[in-house]
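Engineer: Throw the hints in and build the complete structure from the sequences for me.
Here is what each chain is made of, one letter per residue.
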Amino acid sequence: MGKESNRPAGEGKNALWSFFASVRLTVVLLIVIAVSAVLGTVVPQQEEAQRFLRDLPPGLVSVLQFLQIFDMYHSVWFLLMMALLAVNLTVCSVNRFPRTWRIFSSARSGGRGSPFGGGAADHVFSLPGPHAREAERLEGILRKRFGTVRRAEEKGVITLHGEKGAFSYFGVYVVHASILVILAGAIIGSLSGFDGYVNIPEGETVDAVKLRGGQGTKKLDFAVRCDRFTVEFYENGMPKEFRSDLAFLRGGKTVHEGPLRVNHPIEFAGIRFYQASYGNIPGKARLTVTEGGSRKKLLEVAAGEQFELPGRKATVSVLRVEENLMNMGPAVKLGVMSEGGGIAFWVFRQIREIEEANPGITKQVPQFNPGLYKPYVFSLDGIESAYYTGLQVSTDPGIPVVAAGATLMVAGFMLVFLFSHRQVWVRVEEKGGNCRVSLIGRCNRDPAGLARDMNALTAAEVK
Amino acid sequence: MNIVILNWVTFIYFGAAVFYFITMLREEGFWGKAATVTASVGLAAQTVALIVRWVESHRMGIGHAPLSNLYESLIFFSWTVMLLYLIMEFRIKNRSAGPFVTPFTFLLMAYASLSPNISGQIQPLIPALKSNWLTSHVLTCFMGYASFAIAGGLGCMYLLKGEEGRAGEIPASSLARFLPSRDALDELLYQCAILGFIFLTLGIITGAVWAHYAWGRYWGWDPKETWSLITWLVYAALLHSRYVRGWRGRRMAVMALVGLACVLFTYLGVNYLPGLHSYLQS
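Which chain is which? The protein sequence lines are P and R, in order.
Per my numbering, the first sequence runs over residues 25 to 487.
Per my numbering, the second sequence runs over residues 65 to 346.
It is worth saying that the hints were derived from the structure and are not from the lab.
No residue lacks a Cβ here, since even glycine has one placed at the ideal position from N, Cα and C.
There's no promise every hint is true.
DSSO-like, lysine-lysine: derived pairs with alpha carbons at most 30 Å apart [as the list claims (entries may be wrong)]:
| id | chain 1 | residue 1 | chain 2 | residue 2 |
| --- | --- | --- | --- | --- |
| 1 | P | 234 | R | 194 |
| 2 | R | 288 | P | 234 |
| 3 | P | 264 | R | 97 |
Derived CB-CB ranges, DEER-like [claimed, not checked]:
| id | chain 1 | residue 1 | chain 2 | residue 2 | range |
| --- | --- | --- | --- | --- | --- |
| 4 | R | 112 | P | 475 | 35 to 45 Å |
| 5 | R | 120 | P | 348 | 37 to 47 Å |
| 6 | P | 276 | R | 119 | 46 to 56 Å |
| 7 | P | 144 | R | 111 | 48 to 58 Å |
| 8 | P | 174 | R | 111 | 16 to 26 Å |
Computed from the model, here is a short list of chain P residues facing chain R with C-beta under 7 Å [as the list claims (entries may be wrong)]:
| id | residue |
| --- | --- |
| 9 | 54 |
| 10 | 56 |
| 11 | 61 |
| 12 | 90 |
| 13 | 97 |
| 14 | 261 |
| 15 | 262 |
| 16 | 263 |
| 17 | 266 |
| 18 | 286 |
| 19 | 287 |
| 20 | 416 |
| 21 | 430 |
| 22 | 441 |
| 23 | 443 |
Structural biologist: What follows is the structure in structure tokens.
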């Protein structure tokens with residue numbers, strides 16, 4: 025577009041229009057957006073902010089929260105700046121478009137007349153032949169490079185005009201439009217999509233997900249069951265694959281199932297499921313109850329379950345199941361309720377090792393004594409650990425729009441950067457028995473490309 | 065094997081940088097040719113090393129393009145800078161940018177080889193990196209970074225060359241004579257910025273597509289994403305200030321250096337902020 029002044033094209037436009045038409049506003053907005061974006065990468069955001077907030081005085085916290093500093097990228101003022109930028113972009117483009125259209129259409133209709141009247145030509149050289157024939161030859165060269173060539177003849181002076189790439193002026197509008205399309209897609213996504221997560225223990229089924237940003241839960245109109253979660257490791261211990269076998273159910277019936285892996289989401293009923301995280305939850309504990317050193321009973325229990333002791337009227341509640349309690353290995357906490365009252369104690373799997381390392385510990389700390397409720401002695405044989413899978417669950421109807429915007433942007437860049445508007449005028453006239461050729465070349469970008477065009481013509485001289 | 069070659073490449077690039085410096089002090093001639101030959105040999109060796117590394121990873125049964133961790137990214141960054149520089153040198157038939165660009169390739173290699181925190185071992189891909197988008201994302205991003213690095217080098221040259229000779233000033237130290245004209249520098253810088261901008265845009269787009277498949281969102285204001293956007297805005301401002309305001313020369317040089325600072329922060333500085341892209345986590 026060359027150097028253009030920044031005055032509005034039309035007269036009588038109001039002050040608001042000229043405010044939004046100013047490139048200075050663009051620069052200010054871009055700087056403010058960039059600086060706040062930097063701020064957002066330094067100040068902890070969303071969930072991370074909670075930890076950070078505890079160390080600040082409450083007055084400051086409420087001010088910062090009012091300014092939405094801890095969810096900056098979704099704050100009203102940040103979105104407002106984006107909206108201002110979009111308006112600014114639109115107004116600037118609308119403002120400049122008529123001028124671009126004039127340049128384009130005047131180029132189409134043969135340019136603003138021959139530029140030879142104005143000043144000196146860029147190249148002048150002589151050719152031996154009669155000027156009509158040399159003009160023919162030059163026109164051939166020009167046609168090869170420019171396609172169509174316009175020819176005018178006046179008082180024996182032949183003027184040729186080759187021109188191409190005028191459409192590249194519109195590239196910048198395509199790029200600007202693409203940014204608006206992407207923003208529109210983002211708005212569609214934030215209004216009609218959702219972004220949630222859910223943890224499903226193996227074997228269990230859920231039909232609701234938690235929404236991010238503490239916005240409650242969302243009920244799904246189907247259920248999801250995690251049949252199995254597996255982690256594979258490489259030989260060096262790095263994780264190789266996280267995989268959840270999911271089943272999607274409607275009315276209790278499986279209607280779709282498949283493995284979910286990182287980078288390979290599953291889409292069901294317009295909602296996408298992503299493998300996001302996983303974790304361990306203690307599952308069933310295997311306990312052995314020995315009564316008076318002889319009668320044994322094996323049990324499999326999970327936290328929250330209860331069982332009766334044989335022979336006596338006592339109920340045992342499994343209070344906690346821990347995979348590793350205080351670095352002393354797996355343990356379960358049992359509470360025994362009987363007519364005589366209630367007691368609670370821990371049963372460690374590695375109780376023998378613990379006693380060897382700390383002789384007398386079961387005496388000093390009775391809660392560590394697995395035989396505290398006489399005459400029963402409990403031992404923990406193991407805990408089956410189960411996985412839960414953490415899924416990211418979301419839907420974003422704005423995605424096709426954003427994708428179209430991105431494609432448009434790349435197309436716009438190609439117009440802007442790969443093509444340039446180039447024009448060459450050739451004047452051929454009879455001068456002192458010789459044929460004199462004058463060249464003028466103009467381009468909006470890519471002087472190297474113009475130089476190649478000009479060289480092709482000046483090469484005619486040597487022949 | 066690949067690491068042995070890459071250690072040699074570090075020395076070769078050091079040699080190339082030294083030769084380019086000598087060229088700057090002693091004008092064109094033998095040293096200039098020596099510099100170009102050394103740099104080309106280094107680039108060829110580095111290319112071989114990258115291929116060997118790729119093949120070795122396949123032999124280990126964990127085959128992937130060597131673009132997966134900080135070590136590999138530094139090596140690849142250095143490779144793209146050297147490649148683009150040599151293409152530019154060949155096209156403009158001028159070695160004057162050599163002393164400003166080749167030390168950067170050497171520094172990247174030296175950092176990769178010598179830093180105790182960076183392992184040169186071929187590692188398997190963690191699940192998040194197992195994607196077809198890995199190669200295209202890293203490729204486009206580093207082509208962009210490399211173009212910006214060269215634009216930054218040209219910006220340095222412009223500033224060293226100094227402003228247009230004021231009346232009565234004695235023209236040109238030997239350094240200023242060695243450097244190309246201001247117009248040529250300005251034009252080259254602009255071309256590099258355009259190339260970088262296109263590749264950065266493609267890098268951000270491929271990254272967004274990948275994020276969509278891996279994390280369930282195309283944009284999440286992760287520090288790396290945010291900083292890449294900041295970098296993009298800086299170069300968008302650079303291009304606009306030239307198109308619309310007609311800025312040339314010194315201002316462009318300064319903006320190219322500001323942009324390069326953003327690029328380096330996007331690449332390395334972001335590791336010290338919490339986020340999904342942090343190389344330090346793995």
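Engineer: None of the hints should be skipped; say for each whether it holds.
Structural biologist: Now for the hints, and whether the structure bears them out:
no. : hint                      : verdict
1   : P:234 / R:194             : holds (28 Å)
2   : R:288 / P:234             : holds (26 Å)
3   : P:264 / R:97              : violated (48 Å)
4   : R:112 / P:475: 35 to 45 Å : holds (37 Å)
5   : R:120 / P:348: 37 to 47 Å : holds (39 Å)
6   : P:276 / R:119: 46 to 56 Å : holds (52 Å)
7   : P:144 / R:111: 48 to 58 Å : holds (50 Å)
8   : P:174 / R:111: 16 to 26 Å : violated (49 Å)
9   : 54                        : holds (5 Å)
10  : 56                        : violated (11 Å)
11  : 61                        : holds (5 Å)
12  : 90                        : violated (20 Å)
13  : 97                        : holds (4 Å)
14  : 261                       : violated (10 Å)
15  : 262                       : holds (6 Å)
16  : 263                       : holds (6 Å)
17  : 266                       : holds (5 Å)
18  : 286                       : holds (4 Å)
19  : 287                       : holds (4 Å)
20  : 416                       : holds (4 Å)
21  : 430                       : holds (5 Å)
22  : 441                       : holds (6 Å)
23  : 443                       : violated (13 Å)
Violated hints, listed in ascending order, are 3, 8, 10, 12, 14, 23; each of the other numbered hints is respected by the structure.
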